[in-house]
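There are 2 protein chains.
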Amino acid sequence: MSTLTPQSKDFSAWYNEVVIAAGLADYSDVKGCMIIKPYGYALWENIQKIMDEKIKELGVENVYLPLFIPESYLKKEAEHVKGFAPEVVWVTEAGDKKLEEKLAIRPTSETVMYRTFAKWISSYRDLPLKVNQWCNVVRWEMRTRLFLRTTEFLWQEGHTLHATKEEADEMVEAALTMYQKFVNDYLAVDVLKGIKSESEKFAGASYTKSIEGIMKDGKALQMGTSHSLGQNFAKTFDIKFLDKNGSEQTPWPTSWGISTRLIGGLIMAHGDDKGLILPPAIAPIQIVIIPIWKNEQEKEKIKKYAERIIKELKKFKIKIDWDETKSPGWKFNEYELKGVPLRLEVGPKDEIEQKVILVRRDNGGKTAIDFNELKNKSKAVLKKIQKNLLKINKEFIRNSERKFNNYNDYKKEIGESNFLALIHWCGSIKCEEQIKNDTKATIRIYAKNKRPGKCLVCSQKTNDLVYLAKAY
Amino acid sequence: MSTLTPQSKDFSAWYNEVVIAAGLADYSDVKGCMIIKPYGYALWENIQKIMDEKIKELGVENVYLPLFIPESYLKKEAEHVKGFAPEVVWVTEAGDKKLEEKLAIRPTSETVMYRTFAKWISSYRDLPLKVNQWCNVVRWEMRTRLFLRTTEFLWQEGHTLHATKEEADEMVEAALTMYQKFVNDYLAVDVLKGIKSESEKFAGASYTKSIEGIMKDGKALQMGTSHSLGQNFAKTFDIKFLDKNGSEQTPWPTSWGISTRLIGGLIMAHGDDKGLILPPAIAPIQIVIIPIWKNEQEKEKIKKYAERIIKELKKFKIKIDWDETKSPGWKFNEYELKGVPLRLEVGPKDEIEQKVILVRRDNGGKTAIDFNELKNKSKAVLKKIQKNLLKINKEFIRNSERKFNNYNDYKKEIGESNFLALIHWCGSIKCEEQIKNDTKATIRIYAKNKRPGKCLVCSQKTNDLVYLAKAY
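Line order of the protein sequences matches chains H and S.
The numbering of the first sequence is our numbering, which starts it at -18 and goes up by one.
The numbering of the second sequence is our numbering, which starts it at -18 and goes up by one.
Think of the hints as simulated: they come from the structure by calculation, not from any bench.
One thing to keep in mind: the hints can contain errors.
To be verified - Restricting the straight-line Cα-Cα distance to at most 30 Å, the calculated cross-link-like pairs of lysine-lysine (DSSO-like) are: (1) Lys285(S) with Lys360(S); (2) Lys296(S) with Lys365(S); (3) Lys295(H) with Lys365(S); (4) Lys421(H) with Lys63(S); (5) Lys368(S) with Lys30(S); (6) Lys37(H) with Lys356(S); (7) Lys285(H) with Lys37(S); (8) Lys347(S) with Lys292(S).
Stated by the list, open to error - Covered stretches of chain H, as calculated for chain S (at least 3 residues, CB under 8 Å): (9) 76 to 90; (10) 113 to 125; (11) 350 to 360.
C-beta: ideal position from N, C-alpha, C; glycine also.
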């Protein structure tokens, strides 16, 4: 049984250890590429399944476009290529031949999407066009961490085209709201939602909105983004349509995505020194049964009892661990490490009394319940755990938020710990850069509310409030 | 309305046209890479969903391994690299830097899988290990065709390790049987199933089994493969386990896969001069409703009637086409092109009589049915279509099979048309090559039955029978 570094001692070490120890993922020999193991991939499958339904509810259809993007496409949109060039991985050879034109492995698919859309769109009747793809993307990162920042990652990228700016703005918001609701309802993670500063927006976008979670170490994690791309891309790729009056117009594109990074957020928002804590709505195993016996006679009885229990709980994602080479105590630790929301302990005494010991992963709460209550109680407790995790996370975000009027105070405090700060900002890139250089914290998003005040750095009058945090 | 080249005139042209006209896929600007459009991707999603369940029923868990394979891995297994080298695409640059070691884009993942398994396996208790991944793979093909042979394609690759050869053999057969059953039950395509010749097996495998469909032009299409990899790969990648007696053993790996190529098979096994014919079990749209009206008053009535129809048929994948810019006749053609199994026509007269006109795509059969019968009849007819398509395909394969004892006769006949030939073969690569060079037909698989006879080419005595066909 491995013991994890306590979060309070070294959160980063804890994270790396828990990802590997819980069997979620591992490093590969290729720099920054990860191996997603069955337990980690099951989390991604659950995310995909739920999200895919929600995406389709927005009237979006799935497609698949090529992994390769010709260099000439990528270079078409100047801002875009500037943002992505340092991270692009290039194919230059096939078989034993040099390629005539280098091919980028997609870091994102805007360029190849728009090149395609130009052929699909001619009239206002073809709009809105809404597609999505689930795929792998590659960005050559210098510093990588499992799930959070990997050279190759899995994601979903939605791409839409609209006849008007208003419709595009609505789509940007609808996609982000979908992400927020998913993260709240399934991952039990609360997020801040808002617009990014100019310097933090997607390369080539008109504006970027994001949802930001606060991890248990007080750092922010961007958990989903949604971009309005203005008309630049559409013009660059010559996408046009005839409106109802027969005059030529340029459509308004949006794009939005979530990735395997969400798994990193899930881990860091809920986990504790014992390991993962997975919300029941997303957990690959919702209930684990640990049978306890001392001799064959007891084992036979427990087996029969366990069969009845499994039948009773067949609606849940359930696992029973009969491994004879491991003790019950070892198994308790193992499934706590794996973050299974609910543990049922079943020993000879329980069998005689027709009871089951039920242990919650979120708060360690332990109760003996009658077999007859098993189904209803399990359902109710899983629901409670889901709710409780979100509640704890909400309180955590609320408690981590602090307000500052004095830059020196802020610098001092943020030098000593991580938290979320709400401050006034004049909007200048100079002040933004200064905060970043002085404190390593960055502007995460604009706050929804405005209020007269002075920029924390330069004291210029402004109504704009922004959230600052160190971020992953 | 586009008119397709008749199959009898030019099957290949028909295929290319129907893929594009039905909105399944299109060419991209990158050589041999395709754009899978929503209607085509919906087919792939249906295939994935069903197949994923069946794979999991075999006790296989999903994982995700890196897209990139270091050159040194790929070179470890000599046969393997020899087979794949001409098709491998290489990444040599990231950002503006040359990589120290070239990275192959996976053409298949055996090497990276085995490298990983070596870390996962130590005892017999870790076996069998059964994983699968859904991903993209890249093989730089000189001659490409949408779905059938593309530079990048989507597939599923299962990889397992077993303690004994017997278990591995059973797994190879179980995976292939799963594919056969899927292709029969869902794609309504009958297949031959058997072992490949030495020269046609997977590069590095001990043996390869495949399922082969016969397309409507008489050519064969390999629709799924399953490989026993002997122990070479395992030895090369140093995978070992301690057996129950504590002695070190080498495990037995298998791998097996199906790809987006299945969509090509689906098209060519059933389609006709009007377009696709999709089996109901896999069709993205099972029933299309074409409302017919002449004026607003009629339209209102039809709308109300259609709402009742849709409610009645909500269990099916259903679409109603209200497009006012297209005539009912245009729509009939359009959904025939798209291969929708069942068309319902609903006009003012039908509304008055509370009837619906039901038209089958497979045989054009047209019947008027009462609204009250709608649900049951639709279900029954869809079932009949599914059954009928498989029956037709089975008869087609049976009729396309011919036996030959004289090589000159065979050469002459196969020079004039495409069919499936059952012949005796001595097993020599010389005779196999000669058939290939003389006739373009290849040995698809060994027949299940053996019978004394003489090799079609060299007349040597043999019991082995093989199937020959020109193939995609």
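Worksheet item: Against chain S, does the region 350 to 360 of chain H show at least 3 residues with beta-carbon separation below 8 Å?
Response: It is violated: at least three residues are needed, and the region 350 to 360 of chain H offers just 0 whose Cβ sits closer than 8 Å to chain S.
Worksheet item: Has the given pair, Lys37(H) with Lys356(S), been kept, meaning a C-alpha gap of at most 30 Å?
Response: 26 Å, holds
Fill in: Agreement of Lys421(H) and Lys63(S) with the hint, judged by alpha carbon distance not exceeding 30 Å
Violated - the C-alpha atoms of Lys63(S) and Lys421(H) are around 51 Å apart, more than 30 Å.
Worksheet item: Taking a Cβ-Cβ distance under 8 Å as contact, does the region 76 to 90 of chain H have three or more residues in contact with chain S?
Response: Contact hint for the region 76 to 90 of chain H vs chain S: holds, 5 residues under 8 Å.
Discussion item. Between the alpha carbons of Lys285(H) and Lys37(S), is the straight-line distance 30 Å or under?
Written reply: 26 Å, holds
Discussion item. Does Lys365(S) sit within 30 Å of Lys295(H), going by the straight-line distance between their CA atoms?
Written reply: 34 Å, violated
Item to complete: Verify the proposed pairing of Lys368(S) with Lys30(S), using a straight-line Cα cut of 30 Å.
Response: 21 Å, holds
Discussion item. Quick check: do three or more residues in the region 113 to 125 of chain H have a beta carbon closer than 8 Å to a beta carbon of chain S?
Written reply: holds (count 4)
Fill in: Given pair status - Lys360(S), Lys285(S), alpha carbons within 30 Å
Holds, because 22 Å separates the two Cα atoms, which is no more than 30 Å.
Worksheet item: Hey, Lys347(S) versus Lys292(S), does the alpha-carbon distance stay inside 30 Å?
Response: 22 Å, holds
Worksheet item: Within a Cα-Cα threshold of 30 Å, do Lys296(S) and Lys365(S) meet the stated pairing?
Response: Within the cut-off at roughly 17 Å; holds.
Consistency with the previously given hints fails for numbers 3, 4 and 11, ordered from lowest to highest.
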